[in-house]
Amino acid sequence: MVRLEFRAHYRRRLDKTIDFRHTEIMLERDIFANLSPLDHRYSLSETAVFDALSARLSEQAAVRSCARCEIALIKAHLAERDSLTPVLEKALDTVGENLSPETVYTEEETTKHFIRALVNSLIRLVPPETAPLVHLGATSADILDTAFSLRLRDAVCEVILPIIRSVERRLCGIAEREASTPQVGRTHGQHALPITFGFTMAEYVSRLGKCIPAIEGRVGDLRGKLSGPVGAYNGLAIIVRDPAAFEARYLGYLRLEASEYSTQLVEPEYVLRLLLEINAAFGVLANLADDLRNLQRSEISEVFEQFQSGQVGSSAMPQKRNPWNSEHVKSLWKAFAPRVVTFFMDQISEHQRDLTNSASQRFVADYLAGFAFAAARMESILAGLHADREGMARNLASAGGKIPGGILAEPAYLLLAESGSSDAHERIRRITLDAESAGISFYQALRRQPEVLASITARLRALGIADADGFFAHPERYSGLAEQKARDLARKYSGTCGGHVGKPG
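If you want my numbering, it's the 1-based position in the sequence shown plus 13.
Be a bit skeptical, because a hint or two may be false.
[Unchecked claim] Below 30 Å or equal to it, Euclidean Cα-Cα: the simulated DSBU-like pairs (lysine-lysine) are:
(1) Lys347 with Lys223
(2) Lys415 with Lys223
(3) Lys103 with Lys343
(4) Lys343 with Lys223
Derived from the structure by calculation, the hints contain no laboratory data.
Starting from the given sequences, assemble the full structure and let the hints guide the process.
The structure is reproduced here in structure tokens:
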């Protein structure tokens with residue numbers, strides 16, 4: 014007995030014996046017997062995403078998308094002859110939608126050729142008067158490349174884009190809600206200047222917000238073909254009046270456009286550019302996951318993920334609450350982002366077509382699934398993300414290391430220089446040293462230099478700053494345009510995700 018594993022639905026096991034001519038095949042639907050963790054470890058936590066992707070990227074979906082292309086070709090021939098009726102069209106669509114992979118795989122045991130097996134299977138199933146039109150004028154890649162674009166388009170438009178729009182909607186909501194929440198900004202892992210948590214999140218609002226229309230544009234530009242074995246329309250040119258128009262009609266049934274130039278293959282850059290844009294979005298999610306994970310460090314403790322009552326953070330330390338969801342997003346990115354190298358390698362096909370991308374291209378489905386699971390996980394993180402405002406205030410108050418309030422040395426230097434002091438930087442540096450040696454705050458050290466403080470506060474009053482005298486006692490007031498930028502970006506990009514900002518997750 015030969016055992017063949019088909020992609021299976023989770024949480025149930027179905028044994029079924031099929032006679033593949035002279036080989037007995039057992040179909041097992043036990044998810045824990047799968048090799049890929051995508052089909053058990055991650056599909057169990059994201060069942061809706063798995064189901065939606067499976068309907069568009071599984072082997073069953075691959076077979077049926079090829080069948081859709083063959084049916085579209087039949088329709089094009091019938092329309093060319095003015096003999097496509099609504100009844101006939103419905104009958105053809107029914108065949109294409111219900112063709113089973115088992116039927117084609119059974120036939121492939123004889124043909125040893127997938128497309129020929131598909132064609133033979135369809136010939137037996139379509140209305141008899143249309144049987145001679147199956148695959149007429151096409152080569153295998155006319156069907157395979159077109160069907161691949163079809164599957165990618167449907168998976169990205171109907172599954173992936175809705176998920177990342179939801180992530181963007183969550184980000185916009187947090188940026189708006191926390192626009193005025195004071196937080197210390199960081200560079201090189203060190204305290205820098207005051208910002209707000211909403212401004213921190215607005216970085217990802219902006220970055221992911223630009224990824225979404227880029228992906229939309231690339232997925233809308235996926236192409237198909239019907240130009241024959243070398244792309245020159247040799248066969249079509251002797252059976253239809255206008256081969257290019259016929260190709261357009263065929264692809265019109267699938268809502269695709271023709272590749273501007275094709276060998277036996279569609280130009281690979283259409284798919285490559287789409288995958289690169291998705292990979293850019295993947296990097297944004299990984300960067301966000303890293304930042305959220307670091308903000309949950311014990312010594313920082315500025316945000317925390319939702320933690321369920323029965324959830325365990327450590328097998329040995331009962332008190333721990335690990336940022337495991339953020340870590341999973343980063344880990345999935347590590348597993349799948351390097352596949353971009355293979356995407357570039359699939360650009361190359363020698364002598365108009367070889368089969369060196371035949372196997373590698375099949376793993377694009379895995380890549381899209383990995384990205385979708387990571388994006389869905391990030392959406393759930395953001396839905397339950399809480400800002401520890403007390404923790405942020407505590408860290409901001411202690412910013413400056415040994416000098417409380419020392420992060421305000423920059424505005425003090427700028428204002429003193431603006432007042433006409435040519436050695437402003439050195440004078441403020443000495444004040445910071447005085448604060449450190451005396452063990453006092455920067456504000457207290459400034460008050461020891463009344464001439465400097467008077468010059469600085471005069472500049473603040475001239476700028477219309479309220480309570481100029483107490484400005485340096487409140488680091489959170491020195492946040493520039495952080496709040497405004499957070500709100501502006503949240504409102505700008507909420508339009509790209511169809512969401513409403515400002516509501517807590």
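Evaluation of the provided hints:
1. Lys347 with Lys223: Holds, at roughly 22 Å.
2. Lys415 with Lys223: violated (40 Å)
3. Lys103 with Lys343: Since the Cα atoms of Lys103 and Lys343 sit roughly 46 Å apart, the hinted pair is violated (cutoff 30 Å).
4. Lys343 with Lys223: With Cα atoms ~20 Å apart, Lys343 and Lys223 stay inside 30 Å; holds.
Checked against the numbered hints given earlier, this structure breaks hints 2, 3; the rest are met.
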